[in-house]
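K.L.:
Each chain, letter by letter, is given below.
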Amino acid sequence: MDLIADHISHRFGALDVLDKVSFTVRSGEVVAIVGPSGCGKSTLLSILGGLLRPSEGQAELRGAPPANSLNPLTFVFQDFALLPWCTVEANVEFPLAHLPISDTDRRAVIDDALRRTGLADFRGAYPKQLSGGMRQRVGIARALAVRPAILLMDEPLSALDSQTRELLMEDFIRLLADGAMGAVYVTHNLEEAVRLADRIVVLSRRPGRVRETVTIPMTRDERGDIGAREKLLGLQNDLWSLIREEAIDAEREVQHA
Amino acid sequence: MLDRASQQNTQHDEASPRPVAFRGAGFAPSAGRSSGWIALALVIAFWQLAGSAGWVNPLFLPAPSAIAVAIYKLAMSGALWQHLSWSILRIGSGWILGTVAGVIVGFAIGLSTLARGVGITFISALFPIPKIALLPLLILWLGIGEEPKIATIALGVFFSTAISVYSGVDAVPRNLIRMAQSFNVPFHAIVRRVIWPGALPSILAGFRISASVALLLVVSAEMIGAEFGIGAFVLQAGNLMQTDQLLAGVVILSLFGLAVGKLINLLEARLLHWR
Chain A
62 MDLIADHISH
72 RFGALDVLDK
82 VSFTVRSGEV
92 VAIVGPSGCG
102 KSTLLSILGG
112 LLRPSEGQAE
122 LRGAPPANSL
132 NPLTFVFQDF
142 ALLPWCTVEA
152 NVEFPLAHLP
162 ISDTDRRAVI
172 DDALRRTGLA
182 DFRGAYPKQL
192 SGGMRQRVGI
202 ARALAVRPAI
212 LLMDEPLSAL
222 DSQTRELLME
232 DFIRLLADGA
242 MGAVYVTHNL
252 EEAVRLADRI
262 VVLSRRPGRV
272 RETVTIPMTR
282 DERGDIGARE
292 KLLGLQNDLW
302 SLIREEAIDA
312 EREVQHA
Chain B
22 MLDRASQQNT
32 QHDEASPRPV
42 AFRGAGFAPS
52 AGRSSGWIAL
62 ALVIAFWQLA
72 GSAGWVNPLF
82 LPAPSAIAVA
92 IYKLAMSGAL
102 WQHLSWSILR
112 IGSGWILGTV
122 AGVIVGFAIG
132 LSTLARGVGI
142 TFISALFPIP
152 KIALLPLLIL
162 WLGIGEEPKI
172 ATIALGVFFS
182 TAISVYSGVD
192 AVPRNLIRMA
202 QSFNVPFHAI
212 VRRVIWPGAL
222 PSILAGFRIS
232 ASVALLLVVS
242 AEMIGAEFGI
252 GAFVLQAGNL
262 MQTDQLLAGV
272 VILSLFGLAV
282 GKLINLLEAR
292 LLHWR
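Here the protein sequences line up with chains A and B, keeping their order.
With the first sequence counted from 1, adding 61 to any position gets you the numbering used here.
With the second sequence counted from 1, adding 21 to any position gets you the numbering used here.
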């Protein structure tokens, strides 16, 4: 199943946020979206996931979702969006509760999601008892439970410390390794983008337009090699030089807003 | 300034270490369990002393022991239960009616644009009216029985409940609702599993206020037109200058209010343990 951004424009009142953004996320592909602050990355993700109606253009799906997918487009949120009154297990169960699946299947799905995210021993804990990294793992487990075709990730690591970010990045790489699941990964962090994405869509400052699309010329497995580090760093520098000036302008704009 | 600072620094022996002065004390009050009770006991003891020593006229301020005796006699004669049961009946009926209506209207205002537009206008206009002022009108409409008293309490409870419910609904983090929508969770399930528990802290806080409102209104309503009830009892005692009985009624009201507060504490501990 492909996800297509088709000439998406959006404005909030008089403020133009996105301007005719188009690209396609092919089945199993990981596309990162980067750009200066306020360029509309998160707005674009909300539109792609059907949480916001665009002013113009539309988000489209092409092809059938995987037969076993319970929610083809599934978000992983920056702030985790966990229900504080529910345990880890109940949070993971939350998106399944209204679906017509048997209790046995539901149990199996929850157990599998908790196991894949290393949460099996924390199923009875409440979010307030968990670290930021563990909370995000709950968010990921909840997303995995509905077997998404495409994960929509809105800066999922930005609220976490650097060590936890590294650990979760390894988790993402592992989860996306078999190509069964694609992702749109919104981030400020260019290192995360080059480590995880197959392609990187660079947006201009507001109103966000597609400024460039950069393809990462190696598989995610290859990126783990020591020899690839230099190449990835070079790519990261190229991306930074693409957005640096606009990032400075955007920063000044934010400060003067 | 800088010169003086540097002069002061040079006065210290640079070789000998000295502790950094602690500057972080205060601004973190904690509620001691016993201090409140001790303070209360001291006040009552002083009050008793003032009464026993004849420093105050017992007609104007009876001693605590006299009030305790009055309560004991009320309890033994059965009058206490008679008055209390009437008050509890009125409070219970009025509070339940007002709360059910307030929760329904509060949720409607929190969830529907139309209900919000209409509801907030009416609530803004009617909430400031002292509900006891409507009692004569309610007597005209509903007769002189229990109905106008219960309706007065229900009205007072309704407004504060409706406000706390829609404020609670408004306070539910939008990201949780968007998360639920992103999983295609149906509207009724979002209300039941996200909005209701999310609004519950505010709703329970509203219960605390509405219980006080109900207590206030039942006493007022009973003072205006009732033969039995704690409010009627306090009024009768006042008219007869039986200040020990009057204060016995006040103490009973205070204890009743404390009991309701305790009940809400238990509810909070049970329902909001996740906080």
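No lab work stands behind these hints, which were simulated from the structure alone.
On a predicted model such as this, the values are computed, not experimentally measured, just so you know.
Backbone N, C-alpha and C define an ideal beta-carbon position, used for all residues, glycine too.
Treat each hint with caution, since some may be false.
Short, incomplete list of chain B residues facing chain A, as computed with Cβ under 7 angstroms [claimed, not checked]:
| no. | residue |
| --- | --- |
| 1 | 46 |
| 2 | 71 |
| 3 | 137 |
| 4 | 196 |
| 5 | 197 |
| 6 | 210 |
| 7 | 216 |
| 8 | 217 |
| 9 | 264 |
| 10 | 268 |
| 11 | 295 |
Restraint ranges, calculated between C-beta atoms of paired labels, are given here [claimed, not checked]:
| no. | chain 1 | residue 1 | chain 2 | residue 2 | range |
| --- | --- | --- | --- | --- | --- |
| 12 | B | 145 | A | 167 | 56 to 66 angstroms |
| 13 | B | 36 | A | 282 | 32 to 42 angstroms |
| 14 | A | 228 | B | 142 | 25 to 35 angstroms |
| 15 | A | 169 | B | 133 | 52 to 62 angstroms |
| 16 | B | 143 | A | 173 | 47 to 57 angstroms |
| 17 | B | 191 | A | 295 | 48 to 58 angstroms |
| 18 | B | 154 | A | 168 | 38 to 48 angstroms |
| 19 | A | 164 | B | 191 | 47 to 57 angstroms |
| 20 | B | 290 | A | 282 | 20 to 30 angstroms |
| 21 | A | 185 | B | 50 | 52 to 62 angstroms |
| 22 | A | 228 | B | 137 | 39 to 49 angstroms |
Covered stretches of chain A, as calculated for chain B (at least 3 residues, CB under 8 angstroms) [as the list claims (entries may be wrong)]:
| no. | stretch |
| --- | --- |
| 23 | 129–136 |
| 24 | 144–152 |
| 25 | 156–166 |
K.L.:
Which constraints among the numbered hints does this structure fail? Numbers only, ascending.
P.N.:
1, 2, 3, 7, 8, 9, 10, 12, 13, 14, 15, 18, 19, 20 and 21
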